[in-house]
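Protein sequence lines, in the order shown, are assigned to chains X and H.
At position 328 of the first sequence (counting the first as 1) the number is 328 in the working numbering, and the numbers step up by one without a gap.
At position 314 of the second sequence (counting the first as 1) the number is 1314 in the working numbering, and the numbers step up by one without a gap.
Don't read these hints as lab results, they were simulated from the structure.
Please note: incorrect hints may appear among the correct ones.
Said to hold, decoys possible - Okay, the calculated beta carbon distance ranges per label pair:
| # | chain 1 | residue 1 | chain 2 | residue 2 | range |
| --- | --- | --- | --- | --- | --- |
| 1 | H | Gln-1342 | X | Asp-54 | 31 to 41 Å |
| 2 | H | Ala-1126 | X | Glu-329 | 44 to 54 Å |
| 3 | H | Gly-1301 | X | Gly-370 | 44 to 54 Å |
| 4 | H | Lys-1275 | X | Thr-438 | 14 to 24 Å |
| 5 | H | Gln-1342 | X | Glu-122 | 26 to 36 Å |
| 6 | X | Gln-276 | H | Gly-1327 | 26 to 36 Å |
Please read all numbers here as calculations on a predicted model, not as lab measurements.
Glycine residues also receive a C-beta, built at the ideal position from the N, C-alpha and C atoms.
2 protein chains.
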Amino acid sequence: MSYDFDEIDRIVNARSLAVVGASNSPTKFGYMFTRSQVTMGFDGPLYLVNPKEDEIMGRRSYPDIRSLPQAPDLVYLTIPAHRSMEVLKDCAEVGVKAVIITASGFREIGERGKALEAEALEISRAGGFRIIGPNCFGIYNPRNGLTLLPGHDFSTRTGDVAFISQSGGYSAHVARQAKSLGIDFSAVISYGNAADLDESDFLRYFTDDPETAIITAYVEGARDGARFAEALKAAASAKPVVIWKVGKEESSRRAVISHTGSLAGSPALWDALIKQSDAIEASGVDELLDIVLALKYIGRGKAKRLLISGGGGGLGAYGADLAEREGLEVPDLDPATLSRMQDVLDRAGAVAGNPLDIGAPLIPVPFLEGALREAALNPTTEVLVFDLAVNFGYDVAGDFGIERAVEILCDARKVSGRPVVAVLYSRSFDPDDMRFETMIRRMRKRLNAGGVLVFPTMARAVRALGRLS
Amino acid sequence: MSYDFDEIDRIVNARSLAVVGASNSPTKFGYMFTRSQVTMGFDGPLYLVNPKEDEIMGRRSYPDIRSLPQAPDLVYLTIPAHRSMEVLKDCAEVGVKAVIITASGFREIGERGKALEAEALEISRAGGFRIIGPNCFGIYNPRNGLTLLPGHDFSTRTGDVAFISQSGGYSAHVARQAKSLGIDFSAVISYGNAADLDESDFLRYFTDDPETAIITAYVEGARDGARFAEALKAAASAKPVVIWKVGKEESSRRAVISHTGSLAGSPALWDALIKQSDAIEASGVDELLDIVLALKYIGRGKAKRLLISGGGGGLGAYGADLAEREGLEVPDLDPATLSRMQDVLDRAGAVAGNPLDIGAPLIPVPFLEGALREAALNPTTEVLVFDLAVNFGYDVAGDFGIERAVEILCDARKVSGRPVVAVLYSRSFDPDDMRFETMIRRMRKRLNAGGVLVFPTMARAVRALGRLS
């Protein structure tokens, strides 16, 4: 079927929802989803359907779709595959717009499942509704409060990042991790087997969606390679696209087939496809979100020349190694900057230059302030990277040492108008010592509020910056 | 000078110590080190030397080395470079065994510093004592309580891991991070410019040291390339050696020269050197410690064939991709295992196989227990890797869901006798929500106590395992 922006938009922004298989039994997916959706608070009528219950979580339970007071825009199906066909026929009869089929047991299990999936598709086409899934977690959209399987605690704030995910687990994982990093979504779509609406449709939808500024995707394969290539190219020329492709290796392709019944496709083909499209490739949840943060705080093509700094010579050498390996530059300081920096940094252990070693663990505030201002304002600096080594003044001055460094970094950002990246990490994994971790997290929030981007390691910082170029 | 095990051993296990430059002024290195050493509690006479003070931290202050009641085995110098020569002459006069020179301002700053460094070396040779440094943090040895610059809170437990570090900052960073991961040291040596005793000497020392089972090193360059190559080869054939080499790229080599005055050497040469020696290469503190953990829990050459499992198909596909890229295998299950696993795992969403998808977020305990036992006992499994996705049962069962999974992993480890690796991560970085992070850390400790190795991401787990082969 052809792509239609309005059609998908009406599904994502559904104004009425029915949950078929809603349940009071905590071991059922139908319980978990209903609890998630009730907790998030759907912005419109939410109908619960289960012929065996009169009431679920204090709400009326309807015996079937046909008994509802209205045809819901969207139906969320949590019942097993073999029992779904009858419900789909009801959906066709009353005229719903779309059905999310969460159950597994379709194409990914072989012939029997393929036949069921074909039947579902036939019913939907005859009935004029679209299918999301099967074998998926659904759609999360903070605008109408729609959520996906375990998403009772997702952010209620609307953002401009879209995430399209063949994996249900990663759709939840990414949404949750993003929330605590301050990344908000226009929508997250877990699409599983993609029997009907597929990765290409969603990619085109978010390309056209004015609410979406950055598109991210986890893909195992594409239903239609040529169509996906075209959609990816169009998307990446319109806005930044971050794509995480799995199924590149032999055993992984085997896993992909048993997971979503997808054909992973040749790794070389995918590499070429991603490269030609100008999309940004990511591997893993952390890297995907690191890149999103870098895109939001800095943007593409503005982070090639780094000034790497911190307390100690080792971290500068290490950071420079990493940066050059990512194709970034750590250029010499401008001579005038170098001379001014030498003036303010005239003390034992400090080395003016790029990398810049400010000679921690003990540095008086005016030295640090002056040196970092010079570093940020240096003509060849595009991004100032500072490693807030965890022992930075902490052992002598306690939180105060780190707090001052945080203020100075926010100041360098403000004065220079250039991107500033802080590397900030905990030094304890001890459950009985949460004080340091709590302090680090507070500092992270403060840095973010001051426009400073934060990563937990130099390697992750440099990797994300490298992906912007 | 030639290498002498006993000579270095007497320094590392010094029985008396003097701190020259000890201070009451919190902005001075001499204050910080003295506080660290007093807090750690040196196991022998600790003399503080400062002609301007009568008392430091409640202890008597001596005017100079000559006034001490005995010649200390080891002298820790925290005074500036240009004022050090007189003290070194005193050291020669009274007959100390070794001096740690922490000050910078020697070879790394150019001609003037080179001359000072040569002078220091001349005094030490004439006086018959050895130098550690200059431009270093010193030695940490839990056996005699000796510590290095900011190390007031290092572990007091003796371990079997040695760390040799050209960087002072990383010597502290590694010691601290290791402590909270449960890694203990035989000793950590920060050696800076290596004017006298160098990386080759320390490498040979730890090769011969019966207390050391694993040698780790951060190096920027080698004083004598051929000597280091020989020492590295001998070390790596005696025990596992994990080496982190920086200064491979242009700007990084520049940084290395200004940091410790070291010549980084050609990257290709170093790559060949490390490869030929059979040492394990690491990049960054996290990776270095990840490899140490993998060596301690698993050992070399026993982690090639993985069984990758977790709740969800995506993470298996991703894990398999990563594993094969690291040269590891994710082989098919033995047919008998597969058949038994299918019996216990007969439920929607679960896929028996390798990768194994146990179909979270909701799985009854007996299913998980049975499936993971089969997975661990499968004949082709060398290491069982399980991703404890953070939403694993948590949203329904709270901590209980994760606690049960932790017990089951410890059980699989016990029953199979094979290495089990858990991937366990927090899902919140919010300073106002430390509950989840605390719980995750508790679970980590419990897993470790049950012999299960824990990593915070699948990528780090697979990377560390890959380095064992």
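Verification of the hints:
Between H/Gln-1342 and X/Asp-54 the beta carbon distance is about 38 Å. The supplied range of 31 to 41 Å therefore holds. The beta-carbon spacing between H/Ala-1126 and X/Glu-329, approximately 47 Å, falls within the hinted interval of 44 to 54 Å. For H/Gly-1301 and X/Gly-370, the hinted distance range of 44 to 54 Å is satisfied, since their beta carbons lie about 53 Å from each other. Range check, H/Lys-1275 to X/Thr-438: Cβ separation about 43 Å, and the 14 to 24 Å hint is violated.
Between H/Gln-1342 and X/Glu-122 the beta carbon distance is about 30 Å. The supplied range of 26 to 36 Å therefore holds. A beta carbon spacing of about 29 Å between X/Gln-276 and H/Gly-1327 agrees with the range 26 to 36 Å that was offered as a hint.
The structure fails hint 4 only (numbered hints given earlier).
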